[in-house]
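K.L.:
Here are the chains, one letter per residue:
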Amino acid sequence: MHVPFCRHRCGYCDFVTAVGRQSEHDEYVDALLRELDERQELLAGSLDTVFVGGGTPTYLESGALGRLLSSLPPAHEVTVEANPETVTPVLAELLGAQGVTRISLGAQTFESDLLAVLERQATPEVVRRAFTTLRGAGFTNVSLDLIYGIPGQRPEQLGADVAAVLELEPEHVSVYELEAKPGTRFTSAHGAELRRQIDRLEEYMELATAGLQAGGYRWYETANFCRTRHGDPRDLRSQHNLAYWLAADYVGLGVGAVSTVGSERWKNMASVTRYVSALRSGTAPARTTEHLSAAVRTWERAMLGLRLDEPLAEAEISSVLEPGGLDLMAARGLLERRDGSILLTRRGRLLGNAVTVELLRDLDDPADCDEPRTAQGTSKQVAGRR
Amino acid sequence: MSLDRIRNFSIIAHIDHGKSTLADRILELTQTVSEREMRDQLLDSMELERERGITIKAQAVRVEWKGHQLNLIDTPGHVDFSYEVSRSLVACEGALLVVDAAQGVEAQTLANAYLAIENNLEIVPVLNKIDLPQARPNEIAAEVADLVGEDASNVLHISAKTGDGVADILDAAVERIPPPAGDADGPARALIFDSSYDQYRGVIAFVRVVDGSFSSREPVRAMASGTTFEAEELGFFSPERTASDHLAAGEVGYVVTGLKDVRRLRVGDTLTSVAEPATDPLPGYKDVKPMVFAGLFPTDSDDYPELRDSLERLQLNDAALSFEPETSTALGFGFRCGFLGLLHLEIIRERLEREFDLDLLVTAPNVAYQATTGSGEQVEVHKPTEMPSDILYVEEPYIRATIIVPKEYVGVMMELAQERRGSFDHMEYLSEDRVLLTYDLPLAEIVLDFYDQLKSRTRGYASFDYDLIGFREGGLVRVDVLLAGDPVDALSLIVHKDKAYGRGKALVEKLRQEIPRQMFDIPVQAAIGSRIIARETVKAKRKDVLSKCYGGDVTRKRKLLEKQKAGKKRMRQVGSVEVPQEAFLAVLNLNESGK
Numbered sequence: 001m002h003v004p005f006c007r008h009r010c011g012y013c014d015f016v017t018a019v020g021r022q023s024e025h026d027e028y029v030d031a032l033l034r035e036l037d038e039r040q041e042l043l044a045g046s047l048d049t050v051f052v053g054g055g056t057p058t059y060l061e062s063g064a065l066g067r068l069l070s071s072l073p074p075a076h077e078v079t080v081e082a083n084p085e086t087v088t089p090v091l092a093e094l095l096g097a098q099g100v101t102r103i104s105l106g107a108q109t110f111e112s113d114l115l116a117v118l119e120r121q122a123t124p125e126v127v128r129r130a131f132t133t134l135r136g137a138g139f140t141n142v143s144l145d146l147i148y149g150i151p152g153q154r155p156e157q158l159g160a161d162v163a164a165v166l167e168l169e170p171e172h173v174s175v176y177e178l179e180a181k182p183g184t185r186f187t188s189a190h191g192a193e194l195r196r197q198i199d200r201l202e203e204y205m206e207l208a209t210a211g212l213q214a215g216g217y218r219w220y221e222t223a224n225f226c227r228t229r230h231g232d233p234r235d236l237r238s239q240h241n242l243a244y245w246l247a248a249d250y251v252g253l254g255v256g257a258v259s260t261v262g263s264e265r266w267k268n269m270a271s272v273t274r275y276v277s278a279l280r281s282g283t284a285p286a287r288t289t290e291h292l293s294a295a296v297r298t299w300e301r302a303m304l305g306l307r308l309d310e311p312l313a314e315a316e317i318s319s320v321l322e323p324g325g326l327d328l329m330a331a332r333g334l335l336e337r338r339d340g341s342i343l344l345t346r347r348g349r350l351l352g353n354a355v356t357v358e359l360l361r362d363l364d365d366p367a368d369c370d371e372p373r374t375a376q377g378t379s380k381q382v383a384g385r386r
Numbered sequence: 001m002s003l004d005r006i007r008n009f010s011i012i013a014h015i016d017h018g019k020s021t022l023a024d025r026i027l028e029l030t031q032t033v034s035e036r037e038m039r040d041q042l043l044d045s046m047e048l049e050r051e052r053g054i055t056i057k058a059q060a061v062r063v064e065w066k067g068h069q070l071n072l073i074d075t076p077g078h079v080d081f082s083y084e085v086s087r088s089l090v091a092c093e094g095a096l097l098v099v100d101a102a103q104g105v106e107a108q109t110l111a112n113a114y115l116a117i118e119n120n121l122e123i124v125p126v127l128n129k130i131d132l133p134q135a136r137p138n139e140i141a142a143e144v145a146d147l148v149g150e151d152a153s154n155v156l157h158i159s160a161k162t163g164d165g166v167a168d169i170l171d172a173a174v175e176r177i178p179p180p181a182g183d184a185d186g187p188a189r190a191l192i193f194d195s196s197y198d199q200y201r202g203v204i205a206f207v208r209v210v211d212g213s214f215s216s217r218e219p220v221r222a223m224a225s226g227t228t229f230e231a232e233e234l235g236f237f238s239p240e241r242t243a244s245d246h247l248a249a250g251e252v253g254y255v256v257t258g259l260k261d262v263r264r265l266r267v268g269d270t271l272t273s274v275a276e277p278a279t280d281p282l283p284g285y286k287d288v289k290p291m292v293f294a295g296l297f298p299t300d301s302d303d304y305p306e307l308r309d310s311l312e313r314l315q316l317n318d319a320a321l322s323f324e325p326e327t328s329t330a331l332g333f334g335f336r337c338g339f340l341g342l343l344h345l346e347i348i349r350e351r352l353e354r355e356f357d358l359d360l361l362v363t364a365p366n367v368a369y370q371a372t373t374g375s376g377e378q379v380e381v382h383k384p385t386e387m388p389s390d391i392l393y394v395e396e397p398y399i400r401a402t403i404i405v406p407k408e409y410v411g412v413m414m415e416l417a418q419e420r421r422g423s424f425d426h427m428e429y430l431s432e433d434r435v436l437l438t439y440d441l442p443l444a445e446i447v448l449d450f451y452d453q454l455k456s457r458t459r460g461y462a463s464f465d466y467d468l469i470g471f472r473e474g475g476l477v478r479v480d481v482l483l484a485g486d487p488v489d490a491l492s493l494i495v496h497k498d499k500a501y502g503r504g505k506a507l508v509e510k511l512r513q514e515i516p517r518q519m520f521d522i523p524v525q526a527a528i529g530s531r532i533i534a535r536e537t538v539k540a541k542r543k544d545v546l547s548k549c550y551g552g553d554v555t556r557k558r559k560l561l562e563k564q565k566a567g568k569k570r571m572r573q574v575g576s577v578e579v580p581q582e583a584f585l586a587v588l589n590l591n592e593s594g595k
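One line per chain: the protein sequences are A and B, in this order.
Going left to right, the first sequence walks through residues 1 to 386 as our numbering numbers them.
Going left to right, the second sequence walks through residues 1 to 595 as our numbering numbers them.
Keep in mind that the hints were calculated from the coordinates and are not lab data.
Treat the hints with care, since some could be wrong.
As the list claims (entries may be wrong) - Here are the simulated lysine-lysine pairs, DSS-like style, with alpha carbons at most 30 Å apart:
1. K569/B / K181/A
2. K181/A / K563/B
3. K541/B / K181/A
Unchecked claim - Label-pair restraints from in silico Cβ distances:
4. R535/B / P311/A: 36 to 44 Å
5. E322/A / D390/B: 37 to 45 Å
6. E167/A / R570/B: 44 to 52 Å
7. R297/A / D390/B: 54 to 62 Å
8. Q213/A / R570/B: 33 to 41 Å
9. R308/B / P323/A: 32 to 40 Å
10. E336/A / E355/B: 54 to 62 Å
11. P323/A / E355/B: 39 to 47 Å
12. R297/A / D261/B: 55 to 63 Å
13. S301/B / E314/A: 31 to 39 Å
14. K260/B / I198/A: 56 to 64 Å
15. E316/A / D390/B: 54 to 62 Å
Think of the CB as a built atom: it goes at the ideal place given N, C-alpha and C, for glycine as much as any other residue.
Please construct the entire structure, taking both the sequences and the accompanying hints into account.
P.N.:
In structure tokens:
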């Protein structure tokens, strides 16, 4: 479920966001719940996971947030994204009371100068306090986000960030490379420095990966790590995101949210106003749909599966394999083949794009192209989107 | 017209000394073209000729002057096209030697003047641009007079720009240049001094009739090739083609042959009448042999057939251009082309890109080598990869360079010639401060950037010309470039052993910068045989993965990878290494500049 509102749009952000507009929070939640209702028949009676992302879901007026959370269908894992400056004891209590099981906290970095460059609203102290507040409210599954490649960043600062994370001992860590989109305000402001950072990205990724692994975290997906600790039997991977990487079906609700069910993928248009007014008048929001051929679905299955640290069955993806690709990549030490499964080596995972491109054959099915069209009325849907 | 009323002459001049402007003035003064039709460089018909201000093809134009028929043959000024000049000169009895009154005699003027003198042409020395403030007419007139062995008072002073003195030239041409000799009533003989190709009318021969006469519709035979055809049309240039019934002894004009295959009629051949044939052909020309070779490859392999067609079409008008198919593992299918020199190469390349809209990769030019193998066999080598492995020795073409410089630049000139493996031949003072130097140099050294270097080191004051003088042994080696152990055929070079290391090092350094990092370390090496002389490494990339990928990113991510895959396909595969075309381009440019 996508909640687009934020107090401030960070310069580097490329999500669908809307700044302020507090007067619209209530009607947006209404619309979201209507879309949930409309999509009900696509959903199982009991959901595996729900993810409320943003934007900043915790920036919602507390009344609106409470109403949203209390209307969610039951699920085994319910994650809410939060920005540190929004986390108060009151909020933490509200989240806990509404059945939220997991918090994803956007820390990004613990360096105050870099937080300022990113235009984040929190200081390092605020980030730490938010984490402690969540722990104090009883949350035992908290994820922290880190970003590297920030203009002005030095490798030792990323090292310090990793150390700061290890000290807090979150259950889960996501580590992203800063993706500065061309043409944005952020990119034009930091162009030269961003180019300089590009040369360091590989060092950063190696540093973060090695540092977290050394601290007892499992590098279970290209950008994601979960804590493994003696005496804690829980699988602390993000069950919600794992579903994407295993190519399961999902329903996305809210502006810009994407759903994939079987061979159909659709995406809600990004305008908050039009989304709200469509659902208020009882029609479906404007959507673009994409038909996924069997080949595309298998291709995506392979592409996503190769991001994980678990073996991928060759049989499952054999129809999209480039002849000789597996042997070539194995010979280069980028993957291992065992018992009919393939698994990327450490280097293979760091070169995941290049390896995927070598392994998978061309997708030249003309039916795979995007056909933007607006679906009216009948489609159904829920669950997450990041 | 009777022979004694005909004068045939060319204009010899260095680039920028005003040849084309003078030709324009002559056309105006004789009212060959009306003022309305007049435009600059009228005789330079190619777009490229006008743009670069150079003449590439010879042109013949007939003008009337005081009851005389003057045939003016405009000749190219660049050394690459000196063969065109020598051919034109055979069709003339005289030459206007045009020298810039500010610049003085230049090497090309000298070379072409000597050519004219060798051909027993009467030389009319002309000092142009006397209106320029920096003109030194008396000094330069003495220089010119000295060169042609005339009295300085016989040197005409003109300004082609203002038209001042141009009439004197025409008068002098009539008075001083002898009328053509020849037997007006004998069996017809005409020398083909050039040809062009017209899409609709086939090969058009430019001829100088020596004996007898030719009539329109007459069956004609080319004596050397044996090709016969009907003269569909005869005529002269005025300056457009102007048909006439006859072309008589002494006259210069054209013959429309209707032949569709340019190879059936060679420049230098003699035309005669089928009905009343001559027994002996006129002395012809030496064959022009291409001396500089380079591979031309389309950047888009789909353009290969178009490149072939385009080369064929260019060859119709340019017999000196040769080509044969060449396959390169790095660059795909293309052609090994032979050129007269670097300017010729550049012009062909530019015409292909401009007139035929082709995108080309051009390999480093090399000269023609003669290799003698261990078994005594002689092999002509046109590209580095053809070089046999068991070489006893390799000979390369040498030239005799004529260089004229102000005396303060003699030192830097000698230094340059030395660097380029030149051996000193001769030096003399043309005037108090201008020196003529001759050096023997390997053509290969000229093919690189010799001319540019000459110009820049002498601040543009030096002029240069050369003649081929034969093949000499030269301590040459072949340098191969290897990527991850696999040779890149298109990048092999033949160089002097003293320069192999420097060239090899520059090549691998550039390649290291240009080849994108891949999944493994790529050694980039330069080697002579099995001996590695330079090495660099393109380090393996350590990361190539999109960090974030969730439900909303899947389509975008998939498309990104599809794009990456498509980009991979556009790369050229050298063994296990993918090389972007731009890398070859960068390295080939490096070769061109010779740095």
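K.L.:
Each of the hints needs a verdict: does it hold here or not?
P.N.:
Checked hints:
1. For the proposed pair K569/B and K181/A, the alpha carbon gap of about 26 Å is at most 30 Å, so the pair holds.
2. Straight-line distance between C-alpha atoms of K181/A and K563/B comes to about 17 Å, which keeps the hinted pair within the 30 Å bound.
3. The straight-line distance between the Cα atoms of K541/B and K181/A is roughly 23 Å, inside the 30 Å bound, and the hint therefore holds.
4. Restraint check, R535/B to P311/A: a C-beta distance of roughly 39 Å satisfies the suggested window 36 to 44 Å.
5. Checked against the hint of 37 to 45 Å, the pair E322/A and D390/B passes, with Cβ atoms roughly 42 Å apart.
6. A hinted range of 44 to 52 Å for the beta carbons of E167/A and R570/B is consistent with their spacing of about 48 Å.
7. Between R297/A and D390/B the beta carbons are some 60 Å apart, a value that agrees with the proposed interval 54 to 62 Å.
8. The hinted window of 33 to 41 Å between Q213/A and R570/B holds, with their beta carbons roughly 37 Å apart.
9. Take R308/B and P323/A: their Cβ atoms lie about 33 Å apart, and the range 32 to 40 Å holds.
10. Distance hint check: the CB atoms of E336/A and E355/B are about 57 Å apart, consistent with the given range 54 to 62 Å.
11. Look at P323/A against E355/B: about 43 Å separates their beta carbons, and that is inside 39 to 47 Å.
12. Between R297/A and D261/B the C-beta distance comes to about 60 Å, which sits within the given range of 55 to 63 Å.
13. The hinted window of 31 to 39 Å between S301/B and E314/A holds, with their beta carbons roughly 34 Å apart.
14. With their beta carbons about 59 Å apart, K260/B and I198/A fall inside the hinted range of 56 to 64 Å.
15. Between E316/A and D390/B the C-beta distance comes to about 56 Å, which sits within the given range of 54 to 62 Å.
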